[in-house]
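If you want the building blocks of each chain, they are given just below.
There are 2 protein chains.
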Amino acid sequence: MAMKKKPVTGMKDILPREMEIRDYVIHEIKETYKTFGFSGMETPCVEHIENLSSNQGGENEKLIFKILKRGDKLTSAVDKVNADNADVLVDGGLRYDLTLPLSRYYANNANDLPSPFKALQMGNVWRADRPQRGRYRQFMQCDIDILGEPTILAEIELITATTTLLGKIGFEKFTIRLNNRKMLKAMAAYSGFEEKDYDSVFITLDKMDKIGLDGVAEELVSQGFSKESVDKCLDLFDKVSEDVAGVRYLKDTLGEFLPAGVAEDLETIMTSVDATKSADFKIAFDPTLVRGMGYYTGPIFEISMDEFGGSVGGGGRYDEMIGKFTGQNTPACGFSIGFERIVMLLLEKDYQIPKQGEKIAYLVEKNMPSDKMLKILQQANEKRANGEQINIAIMKKNKKFQKEQMEKEGYTVFEEFFVDRM
Amino acid sequence: MAMKKKPVTGMKDILPREMEIRDYVIHEIKETYKTFGFSGMETPCVEHIENLSSNQGGENEKLIFKILKRGDKLTSAVDKVNADNADVLVDGGLRYDLTLPLSRYYANNANDLPSPFKALQMGNVWRADRPQRGRYRQFMQCDIDILGEPTILAEIELITATTTLLGKIGFEKFTIRLNNRKMLKAMAAYSGFEEKDYDSVFITLDKMDKIGLDGVAEELVSQGFSKESVDKCLDLFDKVSEDVAGVRYLKDTLGEFLPAGVAEDLETIMTSVDATKSADFKIAFDPTLVRGMGYYTGPIFEISMDEFGGSVGGGGRYDEMIGKFTGQNTPACGFSIGFERIVMLLLEKDYQIPKQGEKIAYLVEKNMPSDKMLKILQQANEKRANGEQINIAIMKKNKKFQKEQMEKEGYTVFEEFFVDRM
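Residue numbers (the numbering used here), protein chains in the order written: chain V, 4 to 425; chain S, 4 to 425.
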């Protein structure tokens, strides 16, 4: 029997110090979103393989941890399997995100849910990615979604709730970058790109912050797009500003290419979020923001933080996904917070969780007779009933070292109990 | 693309009302165990298949959800597979309990953990059991364990912390049943059973509460055990009482068959827990208590509740499991709470979570101009910053129905905002 001590490849054991931060963030998430009227919900970690492989998950569908069939179904699958049809062996998989399971959940339970449904979902997801520093194959996601709300009240509430949360746990000077898929499409149409090419144009546009205007131009031309379209498109970006003036400039320039209301909605989201904000951040229009997933249909947004150098969360409107389950479209808008990145940032800056009382250690000399031990237990339990944190430990030979170790765990008060002094 | 609306077989979607109860219980668990000095920790949900299949998991090892290998390893496994060796296809599985992963975790991280380590672990586990009412294939477990503490301080603290928790969430008049594996073995030896038969004798003894003394006697005899041994053993049960007098009776009767200290320790656990208790329960000696898992080595215990008609948690000492990973035995004692059963009981009795302020709904007339909407948002966000729960919803045509629905979700205060009255 060879027992393996390490966790499976790409997954990690979580030590108490990190767990304390995680529990703190989870608690703040629950409390904050509750004040905005969100309700908790959960879906199973295992999802039908058919749903996971339904082309809603983009690249993630290549990274599914698949679950073997059991019993007779496995036996008959083994009979049929060859290198090209290994999927006959499986009937489920671990979810790679929370959005697809949420859509299934809503389709399954809509009659028992409020409308609109403001959902808060926290849970692990799994992706069999190549293991790399700081990225794990199991990680926690935290999503808030508003299902059934067609107006931009959804976007405003999602962004305000999330920025309020970030402010509470000590983040500041971050930026909410905002765009709209319809704005992107209008820019592409105005520039003369064909509709079939939009997605690949957008993928290149998304690299603007990494390779700059010239880099994007070069890449688009090398992909065979006409210099004229590329120039026309990039000229838009060159002239646009990241405030409401930028939105207005595009509205004026794009004219009929832009559906009615898109620019006005972006402007209202920006002014409303900015005027009611309780944290120190800015909201900026970013016409280069694309967001990877193809399912977005309207406004899209992302949180960028200089200290992280990347996105720590994002989301947008996806009005067409739930219809894939129900046959009837339901407006939907969601925000996914990069829980693991937030925890990592807090750990890196040695974030101190607001204290809730001292951690107290009772050190009890070895072989304390049971009648005397009883008194110690009684004293401890009375204090615990008042919410005090008391750890009763048997005194070690090297008491000094023992105390030093406990100090590292946050214990600040020590009481000692000796057999002959009780 | 056939999307499936239902969750996978045997797993369930959790609706907001249940989620509220779950979150409440989770919060009380974390807060209560914190006052006893427990630290949170987590292991991955996926575990090495070798560890899961190492004979530590008893019957659960037949119920593993197994995870398919990926990439080249899968291709070469498919080449070799036949009906008898399907396990070549897998390299991991979903954990079926939290004890085995805890042991691996401790072996992997002992240098970074306090000693003793008081661990609180909450997480999902999976068992491919036959689906049945009220039992699911994914369920949450909640375990507390003390690793590295050889004395019964561990047992006393685990039982006191857990009964304190149960009291806080409204349970009363339950019973902690207590026994010791060594007491069971001494009774078997005293009665003349052979050591190789102990486990099967214990399995039958465990049925005492279901089939009674006579039923147990009949079953043991039918299994081929000598009438003399069976009578001698059952005579013990007939005479023993469930208080400390019962422990003393067995100590006197079993004499040298019982290792030193076993009876005294049981007595001290009982008197200490009873004298320091903060909830309304009793602790009883139960010499028929066996606990299924073979890995227990000392005291064992279980919570029984009349209203449930079964165990809602249990645990015991397992001093030899961690050594399977490290080669060095580490004293260990744990208590697993039946989280799902507790949640089910609370839901069934329509438990009311202590209220934290009113739930307030702002109903906003449709097409509210953005400048007026801004004022509503501002007012809401100021109140939310003070912890008030405010749900902003667009007013529906059938406002009466809308309010009734929101009342069902717990909203008690409604404020209405009309375009022409702002």
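In case anyone wonders, no lab produced these hints; they're calculated from the structure. Warning: the hint list may mix true and false statements.
Repeated chains share a single entry, so a pair holds when one copy, or any two copies, can fit it.
What the hints assert, rightly or not - In silico PhoX-like cross-links for lysine-lysine, where the CA-CA straight-line distance does not exceed 25 Å:
1) K411 to K76
2) K411 to K33
3) K378 to K280
4) K72 to K83
5) K8 to K76
6) K15 to K327
7) K369 to K399
8) K65 to K8
9) K171 to K386
10) K171 to K327
11) K83 to K65
12) K399 to K378
13) K327 to K7
14) K171 to K213
15) K400 to K358
16) K171 to K33
17) K8 to K327
18) K378 to K171
I want to check one pair: K171 and K33. Are their C-alpha atoms no more than 25 Å apart within a copy, between two copies, both, or neither? both (12 Å within a copy, 21 Å between copies)
For K399 and K378, with the copy left unspecified, which applies at a CA distance of at most 25 Å: within, between, both, or neither? within (20 Å within a copy, 63 Å between copies)
Alpha-carbon proximity context of K369 and K399, limit 25 Å: Within one copy only: 8 Å inside, 69 Å across.
Taking 25 Å as the upper bound on the Cα-Cα distance, should K83 and K65 be classified as within, between, both, or neither? both (22 Å within a copy, 24 Å between copies)
Within, between, both or neither, where K411 and K76 count as close if Cα-Cα is 25 Å or less: Neither: 53 Å inside a chain and 44 Å across chains, both beyond 25 Å.
At 25 Å max between alpha carbons, let me know whether K411 reaches K33 within a copy, between copies, both or neither. Between copies, since 21 Å is at most 25 Å while 29 Å is not.
Indicate which option fits the pair K378, K280 if close means a Cα-Cα distance not exceeding 25 Å: within, between, both or neither. The answer is between: 12 Å across copies meets 25 Å, while 53 Å in one copy does not.
Within, between, both or neither, where K378 and K171 count as close if Cα-Cα is 25 Å or less: between (42 Å within a copy, 23 Å between copies)
For the identical chains here, do K171 and K386 meet the 25 Å Cα criterion within one copy, between copies, both, or neither? between (30 Å within a copy, 15 Å between copies)
Is it within, between, both, or neither for K8 and K76, if the alpha carbons may be no more than 25 Å apart? Between copies only: 22 Å across chains, 33 Å inside a chain, cut-off 25 Å.
Could you place K171 and K327 in one of the four classes (within, between, both, neither) given a Cα distance threshold of 25 Å? Neither: 37 Å inside a chain and 45 Å across chains, both beyond 25 Å.
Using 25 Å as the alpha carbon limit, work out where K8 and K327 are close: within a copy, between copies, both or neither. between (43 Å within a copy, 10 Å between copies)
Of the hints listed earlier, those the structure fails to meet are numbers 1, 10, 14, 15, in rising order.
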